[in-house]
Amino acid sequence: MDDLKKTHYQFNEAIDESQFLNNLHQQHHLNEKRKKQFQYIGSISVICLFYLGFNSSLFSSSESIYFSDSLNYLDSFDSIELLAENNL
Amino acid sequence: MKSDNELIKDYQNGEIEAFNELVKKHLNMTYNYFLSITQDRVESDDLTQKVFLNLIKGLKNFRFQSSFNTYLYRVKINVLNSYFFKNKWNSFLHLDQIKEPSIDDSTHEKAFLSKELWKNIEMLPKKQRNVIVLRIANQLSYKEISEVLSISEDAAKNNYAHGVKTLKKRMNHG
Numbered sequence: 017m018d019d020l021k022k023t024h025y026q027f028n029e030a031i032d033e034s035q036f037l038n039n040l041h042q043q044h045h046l047n048e049k050r051k052k053q054f055q056y057i058g059s060i061s062v063i064c065l066f067y068l069g070f071n072s073s074l075f076s077s078s079e080s081i082y083f084s085d086s087l088n089y090l091d092s093f094d095s096i097e098l099l100a101e102n103n104l
Numbered sequence: 002m003k004s005d006n007e008l009i010k011d012y013q014n015g016e017i018e019a020f021n022e023l024v025k026k027h028l029n030m031t032y033n034y035f036l037s038i039t040q041d042r043v044e045s046d047d048l049t050q051k052v053f054l055n056l057i058k059g060l061k062n063f064r065f066q067s068s069f070n071t072y073l074y075r076v077k078i079n080v081l082n083s084y085f086f087k088n089k090w091n092s093f094l095h096l097d098q099i100k101e102p103s104i105d106d107s108t109h110e111k112a113f114l115s116k117e118l119w120k121n122i123e124m125l126p127k128k129q130r131n132v133i134v135l136r137i138a139n140q141l142s143y144k145e146i147s148e149v150l151s152i153s154e155d156a157a158k159n160n161y162a163h164g165v166k167t168l169k170k171r172m173n174h175g
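Quick note, the sequences are listed as chains A and B, same order. Position 36 (the first sequence) corresponds to 52 in our numbering; numbering is contiguous. Position 98 (the second sequence) corresponds to 99 in our numbering; numbering is contiguous.
Worth flagging that the hints you see were computed from the coordinates, not collected in a lab. Every value quoted in this text rests on a predicted model; they were computed, and no experiment measured them. Worth double-checking, as some hints may not be accurate.
List of simulated lysine to any residue pairs, SDA-like, C-alpha gap at most 20 Å [claimed, not checked]:
1) B:Lys25 - A:Asn38
2) B:Lys3 - A:Glu33
3) B:Lys58 - A:His41
4) B:Lys120 - B:Val43
5) A:Lys22 - B:Phe113
6) A:Lys22 - B:Glu110
7) B:Lys51 - A:Leu37
8) A:Lys22 - B:Gln140
9) B:Lys26 - B:Asn70
10) B:Lys26 - A:Leu37
11) A:Lys49 - A:Asn38
12) B:Lys127 - A:Leu20
13) B:Lys128 - A:Leu20
14) A:Lys21 - B:Ser142
15) B:Lys51 - A:Ala30
16) B:Lys51 - A:Glu33
17) A:Lys22 - B:Arg130
The whole structure should be built from the sequences, with the hints applied where relevant.
Below, the structure is given as structure tokens:
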């Protein structure tokens with residue numbers, strides 16, 4: 017213990033208090049600002065993801081409507097053709 | 002002059018000046034603590050700032066269940082462990098080779114020996130390292146160390162003994 021204690025060199029320097037406090041508070045404000053920005057970006061991303069998810073489900077449903085409409089159209093086309101054949 | 006606990010209560014009531022007073026009380030001690038270990042003024046300044054940035058947030062919810070000094074030792078140990086962890090990665094990635102020492106070793110033979118000691122302490126397992134840091138740099142008793150690290154006194158003594166044994170082996174062979 018004594019050997020290690022003797023080997024340990026204890027510095028005794030003074031630091032500029034007012035400058036340190038200025039830097040400390042500046043850094044704290046910067047950290048808080050970054051934290052808020054990060055939270056803001058996070059919430060925006062979540063909203064965007066929800067929006068995209070919602071939109072993609074709408075898109076897929078509209079796509080299915082479009083698809084069923086096309087089928088109806090083809091059906092009607094066939095029936096017109098049948099009618100035309102019958103008439104002939 | 003107000004006690005630490007009184008200053009913390011004032012800070013919790015919104016008085017930022019009370020916090021500044023607390024910083025001034027513990028600033029030089031904290032800075033010299035890191036300077037003695039790192040022997041680098043820039044790093045020590047940075048580590049000291051990290052300690053007080055932790056306190057700005059942490060003291061708002063301080064519940065006075067332990068003394069402020071115990072709390073401060075815990076914060077310092079955590080910051081120091083992060084520094085050692087960062088150093089490990091830097092040496093792994095060889096980023097530490099470009100760094101110039103801020104203390105002139107040739108003029109401080111004792112500082113040089115101390116630096117060698119801390120290099121070896123840095124390589125110890127975390128539990129042993131924490132006990133040795135608190136015993137040598139903070140000069141705490143085993144009882145105080147057990148409170149800071151939330152371990153038994155016997156565990157603190159055992160970790161210290163094992164750590165010292167390893168250190169002596171390394172320093173004699175190195």
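Structure-based check of each hint:
About 12 Å separates the Cα atoms of Lys25 (chain B) and Asn38 (chain A), which keeps this hinted pair within 20 Å; it holds. Between Lys3 (chain B) and Glu33 (chain A) the alpha-carbon distance is near 18 Å, which keeps this suggested pair within the 20 Å criterion. Restraint check for Lys58 (chain B) and His41 (chain A): satisfied, since their Cα atoms lie roughly 12 Å apart, inside the 20 Å limit. For the given pair, Lys120 (chain B) sits about 18 Å from Val43 (chain B) by alpha-carbon distance, which is consistent with the 20 Å threshold.
With a C-alpha separation of about 13 Å, the suggested pairing of Lys22 (chain A) with Phe113 (chain B) holds against the 20 Å cut-off. At roughly 13 Å between alpha-carbon atoms, Lys22 (chain A) and Glu110 (chain B) fall within 20 Å of each other, so this suggested pair holds. A C-alpha spacing of about 12 Å is found between Lys51 (chain B) and Leu37 (chain A), which places the hinted pair at or below 20 Å, so the restraint holds. Only pairs whose Cα atoms come within 20 Å are accepted, and Lys22 (chain A) paired with Gln140 (chain B) is accepted, the gap being roughly 12 Å.
At most 20 Å may separate the alpha-carbon atoms for a hinted pair to count; Lys26 (chain B) and Asn70 (chain B) meet this at roughly 12 Å. For the proposed pair Lys26 (chain B) and Leu37 (chain A), the alpha carbon gap of about 12 Å is at most 20 Å, so the pair holds. In summary, the hint linking Lys49 (chain A) to Asn38 (chain A) is supported, as the alpha carbons are separated by about 17 Å, within the 20 Å threshold. Distance check on the hinted pair: Lys127 (chain B) and Leu20 (chain A) sit about 18 Å apart at the alpha-carbon level, within 20 Å; holds.
Of the supplied pair hints, the one linking Lys128 (chain B) and Leu20 (chain A) holds, its CA atoms being roughly 18 Å apart against a limit of 20 Å. A C-alpha spacing of about 13 Å is found between Lys21 (chain A) and Ser142 (chain B), which places the hinted pair at or below 20 Å, so the restraint holds. Among the hinted pairs, Lys51 (chain B) with Ala30 (chain A) is consistent with the structure: their alpha-carbon atoms are about 18 Å apart, no more than 20 Å. Only pairs whose Cα atoms come within 20 Å are accepted, and Lys51 (chain B) paired with Glu33 (chain A) is accepted, the gap being roughly 15 Å.
The straight-line distance between the Cα atoms of Lys22 (chain A) and Arg130 (chain B) is roughly 18 Å, inside the 20 Å bound, and the hint therefore holds.
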